[in-house]
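S.K.: Join these two chains into a complex; the hints should help.
Read top to bottom, the protein sequences are chains A and B. The first sequence stops at residue 351 when you use the numbering used here, and every number in between is there. The second sequence stops at residue 180 when you use the numbering used here, and every number in between is there.
Keep in mind the hints are simulated off the structure, nothing from the lab. Please note that the accuracy of each hint is not assured.
So the derived label-pair ranges between C-beta atoms look like this [as the list claims (entries may be wrong)]: (1) Arg171(B) - Val81(A): 39 to 47 Å; (2) Ala300(A) - Arg16(B): 54 to 62 Å; (3) Asp217(A) - Val113(B): 18 to 26 Å; (4) Ser43(A) - Leu83(B): 34 to 42 Å; (5) Ala290(A) - Gln40(B): 27 to 35 Å; (6) Thr132(B) - Arg61(A): 38 to 46 Å; (7) Leu349(A) - Thr132(B): 29 to 37 Å; (8) Leu349(A) - Gln40(B): 29 to 37 Å; (9) Gln172(B) - Phe142(A): 56 to 64 Å.
In silico lysine-lysine, DSBU-like type, Cα no more than 30 Å apart, as pairs [unchecked claim]: (10) Lys234(A) - Lys124(B); (11) Lys233(A) - Lys174(B); (12) Lys112(B) - Lys201(A); (13) Lys112(B) - Lys83(A).
From the structure, some residues in chain B lie toward chain A, with a derived Cβ separation under 8 Å [unchecked claim]: (14) Phe13; (15) Asn81; (16) Lys112; (17) Thr148.
We put the CB at the ideal spot given by N, CA and C, even for glycine.
If you want the building blocks of each chain, they are given just below.
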Amino acid sequence: MKQLLSVTLLLSVLGSMLVAAGPSRTFGGYMDTEFYGKEGDNSKFVAHRVVLDFASQVDERILFNSEIEYEYGGDDGNDGVIKVEKAYVDFKLSDALVQRSGIIVVPFGHVNEYHDSDVRDTTTRPLYAKKIVPTTWSDTAFGVHGEFDRNDTEFKYEAYLVNGLNDGVTLNNGVRSARPSFKTDNNGDKAFVGRLSASPKLGTVIGTSYYRGAYDDNGENTLSIFGIDGFYKKGRYEFLAEYATVSLEDSGDLPSAMNGGYVEVRSHVLQDFLKRQFSYLDRPVITLVARYGFVDLDTAASETINRITVGANFRPIESLVYKIEYQQDEYDLSSNNSTDKSVNMSVALGF
Amino acid sequence: MVPQCFAEESLLFEQRYFTVPEALDTLFPDATRVSSESVQLTDADIVAIEDALGWDSSGGAMHLYKAYASDELISYAIELNELGKYFPITFMVKVSKEYVVEDALVLVYREKVGASVRKRRFLKQFFSKDKTHPFMLNLDVDGITGATISSATISSGIKKAILVVEQLQVRQLKNESVLD
Chain A
1 MKQLLSVTLL
11 LSVLGSMLVA
21 AGPSRTFGGY
31 MDTEFYGKEG
41 DNSKFVAHRV
51 VLDFASQVDE
61 RILFNSEIEY
71 EYGGDDGNDG
81 VIKVEKAYVD
91 FKLSDALVQR
101 SGIIVVPFGH
111 VNEYHDSDVR
121 DTTTRPLYAK
131 KIVPTTWSDT
141 AFGVHGEFDR
151 NDTEFKYEAY
161 LVNGLNDGVT
171 LNNGVRSARP
181 SFKTDNNGDK
191 AFVGRLSASP
201 KLGTVIGTSY
211 YRGAYDDNGE
221 NTLSIFGIDG
231 FYKKGRYEFL
241 AEYATVSLED
251 SGDLPSAMNG
261 GYVEVRSHVL
271 QDFLKRQFSY
281 LDRPVITLVA
291 RYGFVDLDTA
301 ASETINRITV
311 GANFRPIESL
321 VYKIEYQQDE
331 YDLSSNNSTD
341 KSVNMSVALG
351 F
Chain B
1 MVPQCFAEES
11 LLFEQRYFTV
21 PEALDTLFPD
31 ATRVSSESVQ
41 LTDADIVAIE
51 DALGWDSSGG
61 AMHLYKAYAS
71 DELISYAIEL
81 NELGKYFPIT
91 FMVKVSKEYV
101 VEDALVLVYR
111 EKVGASVRKR
121 RFLKQFFSKD
131 KTHPFMLNLD
141 VDGITGATIS
151 SATISSGIKK
161 AILVVEQLQV
171 RQLKNESVLD
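So that you can see chain B by itself, here it is in the shape it has in the complex (with noise of 0.2 Å):
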């Protein structure tokens, strides 16, 4: 849990780095085709995903992209709303078809500080991690002085999204399966 004291939603503090026709643009260069999918996580999925994230993980609607070149799945993007300080964190985690973190970008911020975090430099670090890594603070992932909640909820925001396409494939693939 993160601490709120008091926040009002507003427009103002947004800050729009990315809308998300141009981060696809910027994940997926190579792309012939990508497709999108609002996603709704049951129970089940978001117990399996806070078992293996070791922290509680809201669930709620999300899209999920796919990246094909020429009929062929590349990678996978999920657009993910994580809770900052005060205001939630709009981000794209790009996931390859291994379940390894491709590339991400924030894409609106909210806070009145930390705004580093959409940084290449800060983002960087989480490229080639796949889920067997921590994301924790202090250990594998460095965080931004005076933004150390945005730091963490990209970071835990990032595992989360490995674990997201991942249970939603093998959920697909079992679906599949049973239809077989």
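Next comes chain A alone, as it looks inside the complex (with noise of 0.2 Å):
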């Protein structure tokens, strides 16, 4: 029923766009479909993701802009899950300076802001995109967000105020369980997180992000995390790079410490073969990739989980992508010590 409601409102809603004078408001999103062939258990598909994104220029400075994520059917019964992942009012004053309320992807990383299926090149994200950095990371804030250049080189700064990570890290899942709710905060403390990148030259990018915020239920303990990311392109390759580490006060049964990152190599392939196979087709590429990436849930003892994935996918089109990759989990943790092998598949597009 709750399927039904929010289906019949989205498209009463897009009926009286149609026919709205006033605003530019556009309407798309993404979805993909996955397969997962994991050694020693069943294998399976998995409706993953349908993500509607509308967003309205309601004023030439004022934007609004949303991601409402539907999770395995989004029907609770289903272990499914409708979720808001974006909903943010910008005021734009100067492109060096706009204020942001709403909720909004939290400015930690490359991974978390560009986690869209159909924009990553596998299946999977990086271990430390999921424990240590939680993507998707969504949190309600208030702050700032810019760009500006010198030269030639390209500044873009992100700073918000956020109700913050609570008291749910594990040694299991790492911050991941952490992630705040949109309603509430565990304690008064807000906490505040930050993004400073710069771009000396087209392709080439560097940033810093930096979370601090109590997470206990006081208020009186801190969890912070420092991450710093680097992203080099070149023709048909490219290079990406993350790390961060989290450090937790008086963090009592909890590690005190974890960090994570990951390397990853991308070369674009075969675009003159594919054109003259598929003529039809604007611009189709191959796209081979390479990551290796760890996390340490507890560095005091080395609680260490290393990921290899190898892969490949194919890009009909820019926002159609079949991927297909090979993935090894190493654990070295004192409760397992075992490895993982799997073979992971998807279809994702933008639209």
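M.R.: Given below as structure tokens:
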């Protein structure tokens, strides 16, 4: 019933927009369907995401932007969930100063910002982006962002006050279970999160991100995350790396420090060959991807998981991608010393 | 083809960076005179251009500008409106008499993200390219992360500009030859 109501509401809103005059609006999104074949486990298709993106420029300086995600069909009886990933209003004073309020995708690192399935080149995200920087990480925020150029260098920044991560940090799941509610804050302390990036030339970006806020119910102990990332692109080759470290004050039974990161190399190949084979396609391309990543969920005890991912994907057009990859997770934990091997595939479309 | 789910046309998304006179002044600082003509591609023109481009291209009316210094033709410019993710991007490409890209400017950008394609650091990678270059993202053109479709639109549009200018001049020379 909840699904029916939400779809009906969406259609009625869209219908009214078709005849409404005034603000310009866009409606799009992305979807993906995944296949997981893990050694020793049942293979499965996963209808992971349908994400609807709606934006409205209600004034020259005021933009509403949103993303509503239906995961696993959205039916909670079927492990599904419907959630707002972002819903904010931007009040643009200038390119260098934009005030943003609402639910934001927290500006931490590269993957969290560019997390859309049709943008990513692999089915799964790095472990770093699951347990250390818990993508997709959203929070209710008030703050500013902007960009400015100095000579040929492009600078971007974001800085927000948010409710912040809570005391859900675990040894198994890292920071992932500490993602905040949009309704309550487990303490009165507001957290700060910010990101600064510089792009000295086209295709080269270095960035740093920082988060700090109390995580316990009393608001006395701080969780901080510091991250750095770099992206380099030249012609058919791309190189991406991220690293972040987590510190918890007075963590008790929890680890006091965690870290994680990855390096990823991509190469776009066979454009000319594919263009000859599929002349009706504008810009078909195959991308080869290799990534090594790790997380250490308790640096004092070295609770480490390493992940190697090697794969390829085919894009008949920019926004449609067919992905396949081999993934190997090596657990070096006090509770687990095993290796998981899987072949993952997915199809993702941006629309 | 680019994905296009739903978009309402409106002036509100428009970010205007240059008017046409400002763009012409910027592209042709040494010109003593700039002529303007509205041109219409024929079906034969479009077929020839698409064959050279390697992908579909829209026709329609467009403006061709010719810059002169002391009555000598020095360069061309063509104004294009090419579809981005939702809305057309209006840009002008300066092409030499040898059909080489000399400059480019984005006049109007209408998407909510990706306006970085207007910046010199993106556009200058096209300068000195001619029609023999592929103009393909991740091959000889670097796109902008988060603005891939707009990057592709500008890239393919600039190659189209070269071919349109050449096609129009070839057509004009043929007509003059017939008249002779």
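S.K.: Hints first: check each against the structure and report whether it holds.
M.R.: We went through each hint and held it up to the structure:
no.	hint	in the structure
1	Arg171(B) - Val81(A): 39 to 47 Å	59 Å, violated
2	Ala300(A) - Arg16(B): 54 to 62 Å	57 Å, holds
3	Asp217(A) - Val113(B): 18 to 26 Å	38 Å, violated
4	Ser43(A) - Leu83(B): 34 to 42 Å	40 Å, holds
5	Ala290(A) - Gln40(B): 27 to 35 Å	50 Å, violated
6	Thr132(B) - Arg61(A): 38 to 46 Å	44 Å, holds
7	Leu349(A) - Thr132(B): 29 to 37 Å	33 Å, holds
8	Leu349(A) - Gln40(B): 29 to 37 Å	36 Å, holds
9	Gln172(B) - Phe142(A): 56 to 64 Å	60 Å, holds
10	Lys234(A) - Lys124(B)	15 Å, holds
11	Lys233(A) - Lys174(B)	44 Å, violated
12	Lys112(B) - Lys201(A)	23 Å, holds
13	Lys112(B) - Lys83(A)	23 Å, holds
14	Phe13	5 Å, holds
15	Asn81	17 Å, violated
16	Lys112	6 Å, holds
17	Thr148	5 Å, holds
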